[in-house]
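Peer 1: Next come the chains, spelled out residue by residue.
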Amino acid sequence: MTDTRSTTLPPESIRITTDSWTEPFWLAAKDERLVAPRCGSCGTFRFPPTPFCPACRSQDTDWVPVSGGSVFSYSIVRGLPGNRDAVLVPVVVEFADAPGVHVVSNLVDADPADVEIGRAVTLDFVVIADDWKLPVFRLADLAAER
Amino acid sequence: MAVEEVAIVGVGATPYYFRGESAPQTITELAGKAILAACDDAGISVTQIDGFAYYSEASAGYGDKMDTATFMETLGIPEVTFTAALTSGGGGSAGSIGLARAAIVAGDATYVVTVMALQQLKQRLGTVFGAAPLSPQNSFLMSSGLVGPGHLMSVLTRRHMHLYGTRREAFAEIAISSRKNAANRPQAQKRDPMTLDDYFSARMIADPLCLYDFCLETDGAVAVITTSLDRARDLKQKPVKVLAVAHGGRREWGRAFAWYGMPDPDFASSGHAPVAQRLYRRAGVGPGDIDVALIYDHFTPMVLMQLEDYGFCAKGEGGPFVESGAIRYEGGSIPVNTHGGQLSEAYIIGMTHVKEAVEQIRGAAINQVAGAEVALATGGPASIPVSGLILGQDR
Ligand SMILES: [Zn+2]
Chain A
1 MTDTRSTTLP
11 PESIRITTDS
21 WTEPFWLAAK
31 DERLVAPRCG
41 SCGTFRFPPT
51 PFCPACRSQD
61 TDWVPVSGGS
71 VFSYSIVRGL
81 PGNRDAVLVP
91 VVVEFADAPG
101 VHVVSNLVDA
111 DPADVEIGRA
121 VTLDFVVIAD
131 DWKLPVFRLA
141 DLAAER
Chain B
147 MAVEEVAIVG
157 VGATPYYFRG
167 ESAPQTITEL
177 AGKAILAACD
187 DAGISVTQID
197 GFAYYSEASA
207 GYGDKMDTAT
217 FMETLGIPEV
227 TFTAALTSGG
237 GGSAGSIGLA
247 RAAIVAGDAT
257 YVVTVMALQQ
267 LKQRLGTVFG
277 AAPLSPQNSF
287 LMSSGLVGPG
297 HLMSVLTRRH
307 MHLYGTRREA
317 FAEIAISSRK
327 NAANRPQAQK
337 RDPMTLDDYF
347 SARMIADPLC
357 LYDFCLETDG
367 AVAVITTSLD
377 RARDLKQKPV
387 KVLAVAHGGR
397 REWGRAFAWY
407 GMPDPDFASS
417 GHAPVAQRLY
427 RRAGVGPGDI
437 DVALIYDHFT
447 PMVLMQLEDY
457 GFCAKGEGGP
467 FVESGAIRYE
477 GGSIPVNTHG
487 GQLSEAYIIG
497 MTHVKEAVEQ
507 IRGAAINQVA
517 GAEVALATGG
527 PASIPVSGLI
537 LGQDR
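These protein sequences, in sequence, are chains A and B. Position one of the first sequence corresponds to residue 1 (this note's numbering), numbered consecutively onward. Position one of the second sequence corresponds to residue 147 (this note's numbering), numbered consecutively onward.
Hints in this document: simulated from the structure, not taken from any laboratory. Just so you know, not all the hints are guaranteed correct.
Facing chain A, a subset of chain B residues (Cβ under 8 Å, in silico) [as the list claims (entries may be wrong)]:
#1 281
#2 282
#3 289
#4 290
#5 291
#6 349
#7 351
#8 353
#9 357
#10 406
To give an idea of the interface, some chain B residues facing chain A are shown, with a C-beta separation under 8 Å as derived from the structure [to be verified]:
#11 283
#12 286
#13 287
#14 293
#15 300
#16 301
#17 304
#18 350
#19 352
#20 407
With a straight-line Cα cutoff of 20 Å, these simulated SDA-like cross-link-like pairs (lysine to any residue) come out [said to hold, decoys possible]:
#21 268/B - 81/A
#22 30/A - 281/B
#23 133/A - 281/B
#24 133/A - 268/B
#25 133/A - 284/B
Glycine included, each C-beta is placed from N, C-alpha and C at the ideal position.
Isolated chain A, as found in the complex (with noise of 0.2 Å):
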């Protein structure tokens, strides 16, 4: 039987670059926590990171851990080209503590037929090129079954 359980990129291809904006995502990837810019101000979060606060125009930013994920939408690619055999579940992971963040991301390891809107998901890490991160989802009851 094949297996069809989802998968990123291969990690090796995957590259991200930064600025001075984007760079505390990823620095605190590398440490394993998933966090967003709040602003330091109003207390609005934004996402990606950006220079102003869109709700006041403050350049005050806090990190914030984000947690209590759950898919928002999700596709299901396969064939992409140079991987065929792939099956990738880009997803798109909303946060019950982090109103407006939404993460894209890959859902790795589970099932393309259990994945559904609303499910909440647990959060793991990929090393990518360059000694990088990258967060990546799995479906939380599954990795309670493992």
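Given chain A's structure and the hints, the job is docking chain B with the ligand onto it.
Peer 2: This is chain B with the ligand only, laid out in the frame that chain A set:
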């Protein structure tokens, strides 16, 4: 003093080629042939063109650029008094006529051409996001395997299905209806009939989207000439009046599927709602007045979401609306993409929709909607701007 009115007076196109088959013609050659054809259609000399109004940052597809000086050099255009482009991508296609209008109303130019040409030999549009240079911004997107626009929009589609119960049958209806409209068009790239079985047997590319939810990969060019209504009345063709044209979008839509930060209900939408409202207000018409709708169809579900945002049905009811047969040329209440659209005729990044809207108002379309007096053409969904154009008969 009333603002000067403008009209579209010429449309022209090259043949539509499958990806890579327009060689050895060059991109400038394709664009030039479309411009010359549009001038011929209008009954003007190319030397009378004094304005260029592009969209998509004057890119020619993805990877090539269009350049006004280059066109002047080879076509012998003596002088231009206006040359500009809308920002971002294909969302500005219909809206570029508004840029032409701005030049004419301001007195900056008299005959303004809008042109799009593309060849996909070097870079296929289908993987354009995957091939984009790495940036801090797209580092939050690229790792996921969402390499092309269709992959990106499949995620919006899934949310629409979840929120409103939209079924793949609705997307199939859009694909099949478009194919049917292309069947009698010699220039269409896909004319073979498509059945529901064909649709559901097709390869899934980015589930819930299959092969037939994706538009074609075309090489070719389309050009459109806009001038003042006064001048238009002295030209060869019956003037096609610009009733209204608008581009833009709200922050909640923003970079859209390159961002994914949209809240509900914007996430599962086309981002067109604010543009649609402005367009109708300015044209003094509503969705019930539109006789034929040329809806930007890079992916079938985005047609459905635009039908909602343009008020042809309520938000969330696009699925049942489409499945009822409402968008069919024969028997539909609002015929959509009578030219076969980008799904079945050709994909020139929105320009075929403008061309078809013009031909419908002239009464000269191959699949003519009887008595069509008001036509809608749209550009996008894409990152802001998205755009819309309402054309009508003169007098
Ligand atoms: Zn703030």
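Peer 1: Closer than 8 Å between Cβ atoms is the bar; does residue 351/B clear it against chain A? Give me holds or violated.
Peer 2: holds, 7 Å
Peer 1: Once the shortest beta carbon distance from residue 286/B to chain A is found, is it less than 8 Å?
Peer 2: Since the shortest Cβ distance to chain A is 4 Å, the answer is holds.
Peer 1: Identify whether the interface hint at residue 293/B stands, where standing means a beta carbon of chain A within less than 8 Å of its own.
Peer 2: holds, 7 Å
Peer 1: Would you settle whether the hint for residue 289/B is holds or violated, based on the nearest Cβ-Cβ distance to chain A being less than 8 Å?
Peer 2: holds, 5 Å
Peer 1: Go through the hint on residue 291/B and say holds or violated, using the shortest Cβ distance to chain A against 8 Å.
Peer 2: holds, 4 Å
Peer 1: Next item in the hint list is residue 290/B. Is there a CB on chain A closer than 8 Å to its CB?
Peer 2: It holds, given that the least Cβ distance between residue 290/B and chain A is near 4 Å, below 8 Å.
Peer 1: Quick check on the hint: residue 300/B CB to chain A CB, less than 8 Å?
Peer 2: holds, 4 Å
Peer 1: For the hint on residue 287/B, just tell me whether its beta-carbon gets within less than 8 Å of chain A.
Peer 2: holds, 5 Å
Peer 1: Residue 268/B and residue 81/A: Cα distance at most 20 Å?
Peer 2: Given that 20 Å is the threshold and the Cα spacing comes to 15 Å, the pair holds.
Peer 1: At a threshold of 8 Å, is the proposed contact between residue 301/B and chain A supported by beta-carbon distances?
Peer 2: Status holds, d = 5 Å.
Peer 1: Is the hinted pair residue 133/A and residue 281/B satisfied, with a Cα-Cα distance of at most 20 Å?
Peer 2: holds, 17 Å
Peer 1: Against chain A, run the beta carbon of residue 304/B and see if the smallest gap drops under 8 Å.
Peer 2: holds, 5 Å
Of the numbered hints listed earlier, those contradicted by the structure are 9 and 24.
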